[in-house]
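Kindly generate the complete structure, drawing on both the sequences and the hints.
Chains as they are written, first to last, in this note's numbering: chain A, 1 to 245; chain B, 1 to 230.
Because the hints were derived from the structure by calculation, they are not lab data. Please note that the accuracy of each hint is not assured.
[Claimed, not checked] Below, computed lysine to any residue pairings styled on SDA-like, alpha-carbon distance capped at 25 Å: (1) B:Lys57 x A:Trp180; (2) A:Lys117 x A:Ile57; (3) A:Lys176 x B:Met62.
[As the list claims (entries may be wrong)] The following label-pair restraints were derived from C-beta to C-beta distances: (4) A:Phe35 x B:Gly61: 45 to 53 Å; (5) B:Leu30 x A:Pro172: 33 to 41 Å; (6) B:Gly167 x A:Pro172: 24 to 32 Å; (7) A:Tyr73 x B:Ile126: 43 to 51 Å; (8) A:Trp126 x B:Leu168: 19 to 27 Å; (9) B:Arg225 x A:Lys176: 27 to 35 Å; (10) A:Val114 x B:Arg25: 50 to 58 Å; (11) A:Tyr204 x B:Arg164: 51 to 59 Å; (12) B:Arg225 x A:Trp238: 49 to 57 Å; (13) B:Ala81 x A:Val169: 27 to 35 Å.
The structure displayed is predicted, hence computed values, not measured ones. All C-beta atoms, glycine included, are put in the ideal place defined by N, C-alpha and C.
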Amino acid sequence: MNWQWLHRFGSPKWFYEKTHLWVWGLGVLACGLIFVGAVWGLAFAPADAKQGNSYRIIYIHVPSAIVSMAGYYVMAIAGAIGLIWRTKLSFIVMRSAAPIGALLTFAALFTGAVWGKPTWGTFWVWDARITSMLILLFLYLGIIALQGAFQNQDAADRSAAWLAIVGMVNVPIIYKSVEWWNTLHQPATIKFTQKSTIDPSMLYPLIIMFFAFYLFYFWSLLRAVRVEILRRELKTQWVSDILKG
Amino acid sequence: MSLESYSLRYALSVSLKRELLLAARQKSELFNPLLFFLVVVIFIPLGITPDKIFLAKLAPGMIWVFALLATLLSLESLFKADFEDGSLEQMLVSPLSLSWIVGVKVFCHWLLTGVPLTLLAPVLGIMLFLPADAYIGLMISLFIGTACLSLIGAIGAALTVSLRRGGLVLSLIVMPLYVPILIFGADTVNNLAQGLPYIFSLLILGVFFFLALLGAPFASAGALRISVTA
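Structure follows, in structure tokens:
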């Protein structure tokens with residue numbers, strides 16, 4: 001079997017040239033879906049019986065929380081592929097995924113705090129999910145910090161990839177521990193009441209927002225990867241050809 | 001000595017002797033984390049309150065947090081000297097698996113940091129008015145828990161050993177990984193102090209220990225290979 005086509009994926013130059021059109025496609029699709037989902041969710045979906053309009057923040061909050069967790073696995077698996085097959089592109093993906101994931105985690109925490117103030121009367125609660133998200137943010141920041149601490153690009157990539165893999169093994173353990181800690185220390189007074197009994201008219205825009213956020217994630221990742229490719233291959237002929245126009 | 005006469009037991013005993021000898025000649029590095037552990041305790045009554053009942057409530061968690069921080073401070077030197085004088089490269093090319101050598105180093109680190117911290121913990125317990133029932137749980141949980149801290153911390157130490165100022169990055173990357181151990185360690189002591197069943201969290205801590213024992217030397221060895229070849 002001829003594996004040539006697969007190996008080409010590892011080449012930054014090939015990737016950069018081929019993804020030129022994908023950026024446009026993904027961008028239009030992601031922004032369009034976000035627009036549709038946001039307008040539907042924020043303007044047309046009915047208000048919640050108990051929470052009024054403040055519940056509408058779930059259209060941003062829940063998708064960003066879910067994509068930020070998935071993003072950690074994208075980053076760690078890209079790092080693992082880089083460590084095993086030594087492909088340049090996987091490390092570039094890993095490095096680009098870390099800040100995007102951290103920003104999405106922060107977005108989830110921030111929107112949660114904004115929603116918590118009118119609903120729970122406080123910006124912050126040591127709830128299991130909130131605490132887990134905070135730890136996820138710290139895991140992301142640790143990887144970014146480790147990458148930034150190295151002078152040598154190759155060492156930075158491989159160390160961060162290794163840490164991402166160690167983190168990936170630990171993420172389920174951390175989540176389960178925090179969940180257990182929470183049930184022990186805090187009576188379950190706070191629940192996402194609207195989550196299990198959500199009305200279809202509220203659910204459809206949420207589903208659209210899920211897809212929109214995933215597309216948006218991959219769009220941002222692709223753009224970040226393309227910039228990182230240019231940055232790393234700055235000294236090669238093909239990059240200077242592109243930059244000269 | 002010919003290559004055939006290398007036995008695992010001999011190699012391990014030699015590395016163990018070397019580690020202990022090096023530690024004995026660098027006494028200040030041994031005592032500093034312990035000193036930190038004792039000094040930091042004065043901040044609690046000064047910063048919060050000297051109230052006896054209040055301190056007794058804080059004590060289990062606080063002692064655990066201090067033990068965790070003291071371990072973090074001691075981690076930076078785990079592979080540093082070996083990295084700087086080139087011994088680490090010799091360990092990499094030696095016929096003995098690097099995971100075993102890392103295991104010995106982590107064991108020594110625990111023996112010289114975790115065990116003394118465990119033995120010192122009752123002193124802090126007295127100063128923070130820890131309830132009398134909780135001492136035994138405090139010591140058992142710290143005994144197992146500090147071993148987990150040394151094992152997991154070794155991964156961070158291995159990843160940051162080639163950095164000139166790696167200490168802060170080391171703390172940043174290791175702290176989130178310490179969360180489960182802190183939860184179950186402090187919970188053991190808290191439950192004992194309140195007269196609740198505590199054996200479950202102690203068993204979970206034991207499970208963490210075996211998981212870390214299986215995974216951490218391997219992960220640290222991989223990280224050391226990256227740090228040395230980079």
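Hint by hint, here is what the structure shows:
no.: 1; hint: B:Lys57 x A:Trp180; verdict: holds (20 Å)
no.: 2; hint: A:Lys117 x A:Ile57; verdict: holds (12 Å)
no.: 3; hint: A:Lys176 x B:Met62; verdict: holds (23 Å)
no.: 4; hint: A:Phe35 x B:Gly61: 45 to 53 Å; verdict: holds (48 Å)
no.: 5; hint: B:Leu30 x A:Pro172: 33 to 41 Å; verdict: holds (36 Å)
no.: 6; hint: B:Gly167 x A:Pro172: 24 to 32 Å; verdict: holds (29 Å)
no.: 7; hint: A:Tyr73 x B:Ile126: 43 to 51 Å; verdict: holds (47 Å)
no.: 8; hint: A:Trp126 x B:Leu168: 19 to 27 Å; verdict: holds (26 Å)
no.: 9; hint: B:Arg225 x A:Lys176: 27 to 35 Å; verdict: holds (31 Å)
no.: 10; hint: A:Val114 x B:Arg25: 50 to 58 Å; verdict: holds (57 Å)
no.: 11; hint: A:Tyr204 x B:Arg164: 51 to 59 Å; verdict: holds (55 Å)
no.: 12; hint: B:Arg225 x A:Trp238: 49 to 57 Å; verdict: violated (33 Å)
no.: 13; hint: B:Ala81 x A:Val169: 27 to 35 Å; verdict: holds (29 Å)
Figure legend: structure checked against the earlier numbered hints; the only hint not met is number 12.
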